[in-house]
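Each protein sequence line maps, in turn, to chains A and B.
Read in order, the letters of the first sequence are residues 1 to 115 in the working numbering.
Read in order, the letters of the second sequence are residues 116 to 229 in the working numbering.
Just so you know, these hints were derived from the structure itself, not from any lab.
From the three backbone atoms N, C-alpha and C, an ideal C-beta is built for every residue, glycine too.
Don't take every hint at face value.
[Stated by the list, open to error] With a straight-line Cα cutoff of 30 Å, these simulated DSS-like cross-link-like pairs (lysine-lysine) come out:
| id | chain 1 | residue 1 | chain 2 | residue 2 |
| --- | --- | --- | --- | --- |
| 1 | B | K171 | B | K157 |
| 2 | B | K182 | A | K13 |
| 3 | A | K13 | B | K157 |
| 4 | A | K26 | A | K13 |
| 5 | B | K171 | B | K182 |
| 6 | B | K182 | A | K26 |
[Claimed, not checked] Derived list of chain A stretches under chain B, where covered just means 3 residues or more per stretch with a C-beta under 8 Å from a C-beta of chain B:
| id | segment |
| --- | --- |
| 7 | 44 to 51 |
| 8 | 102 to 112 |
[What the hints assert, rightly or not] Simulated DEER-style distance windows between Cβ atoms:
| id | chain 1 | residue 1 | chain 2 | residue 2 | range |
| --- | --- | --- | --- | --- | --- |
| 9 | A | T20 | B | G174 | 36 to 42 Å |
| 10 | A | E52 | B | G131 | 50 to 56 Å |
| 11 | A | L39 | B | S184 | 41 to 47 Å |
| 12 | A | E51 | B | K171 | 31 to 37 Å |
| 13 | A | A98 | B | S135 | 28 to 34 Å |
| 14 | B | G144 | A | T20 | 31 to 37 Å |
| 15 | B | K117 | A | V115 | 25 to 31 Å |
| 16 | B | S184 | A | P61 | 33 to 39 Å |
| 17 | A | V115 | B | G169 | 47 to 53 Å |
| 18 | A | T20 | B | A183 | 42 to 48 Å |
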Amino acid sequence: DAGVTQSPTHLIKTRGQQVTLRCSPKSGHDTVSWYQQALGQGPQFIFQYYEEEERQRGNFPDRFSGHQFPNYSSELNVNALLLGDSALYLCASRLGTATLNTEAFFGQGTRLTVV
Amino acid sequence: QKEVEQNSGPLSVPEGAIASLNCTYSDRGSQSFFWYRQYSGKSPELIMFIYSNGDKEDGRFTAQLNKASQYVSLLIRDSQPSDSATYLCAVNRVRDTGRRALTFGSGTRLQVQP
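For reference, chain A alone in the conformation it holds in the complex:
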């Protein structure tokens, strides 16, 4: 089992550009959540997808959008990049009906640097 996989691992973009990050959930998982972790901070919840719809959203602007595909994989899109978007982007997956109501499976993250 490959666990949660994210791509790419590192990315450098210029202010104003757009970026797409990808996540494949652990086998058997149907729910994907995205978190942003700035340097020295804890992860901040961006949004969560299941059944191909955004179900919950944190306090992030509309520049942050996402998608979930029928195979449960997910994308995070960020438009009009700002320097402050530089962070580690974490994807977490779970089986929505699992009794443990937390994120137990994180991907290795995508380190985004905006210059």
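Assemble the complex: chain A is given as a structure, and chain B must be docked to it using the hints.
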């Protein structure tokens, strides 16, 4: 006031000592509490969870919860240099199954000196 607060540290303890990490939360409706360990440049790893007041032990780790005082702590006994990492506290408003987002603290950096 942040929803989940932790001292950023670093907390430095000698090898073999007990490391005590603390976390306070503001939402009295919080029901579930979690501790994650995060090594530098890596993703968070779940190490403990606790739902009820009192202590919960798992190996060298003990989680303590006091809902009346709104704090949760993590004790690490016989600390090892390999325990050196950032420890993140996270809370969830619900306890039942379901898809709820976590709220994380900023983490406490622990350094275990050989």
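Each hint, compared with the structure:
1. B/K171 / B/K157: Holds, at about 26 Å.
2. B/K182 / A/K13: Violated, because 44 Å separates the two Cα atoms, which is more than 30 Å.
3. A/K13 / B/K157: 21 Å, holds
4. A/K26 / A/K13: Given that 30 Å is the threshold and the Cα spacing comes to 28 Å, the pair holds.
5. B/K171 / B/K182: Holds - the C-alpha atoms of B/K182 and B/K171 are around 14 Å apart, at most 30 Å.
6. B/K182 / A/K26: The given pair, whose Cα atoms are some 33 Å apart, is violated under the 30 Å limit.
7. 44 to 51: Satisfied; 4 residues make the cut.
8. 102 to 112: holds (count 7)
9. A/T20 / B/G174: 36 to 42 Å: Check passed, 41 Å falls within 36 to 42 Å.
10. A/E52 / B/G131: 50 to 56 Å: 51 Å, holds
11. A/L39 / B/S184: 41 to 47 Å: 31 Å, violated
12. A/E51 / B/K171: 31 to 37 Å: Holds - the Cβ-Cβ distance for A/E51 and B/K171, about 33 Å, lies within 31 to 37 Å.
13. A/A98 / B/S135: 28 to 34 Å: 31 Å, holds
14. B/G144 / A/T20: 31 to 37 Å: Given range 31 to 37 Å: holds, Cβ gap about 36 Å.
15. B/K117 / A/V115: 25 to 31 Å: 29 Å, holds
16. B/S184 / A/P61: 33 to 39 Å: The hint (33 to 39 Å, Cβ to Cβ) holds, given that B/S184 and A/P61 are roughly 36 Å apart.
17. A/V115 / B/G169: 47 to 53 Å: 49 Å, holds
18. A/T20 / B/A183: 42 to 48 Å: Taking Cβ atoms as reference, A/T20 and B/A183 lie about 46 Å apart, which means the hint holds.
Comparing the model with each numbered hint stated earlier shows that hints 2, 6, 11 do not hold.
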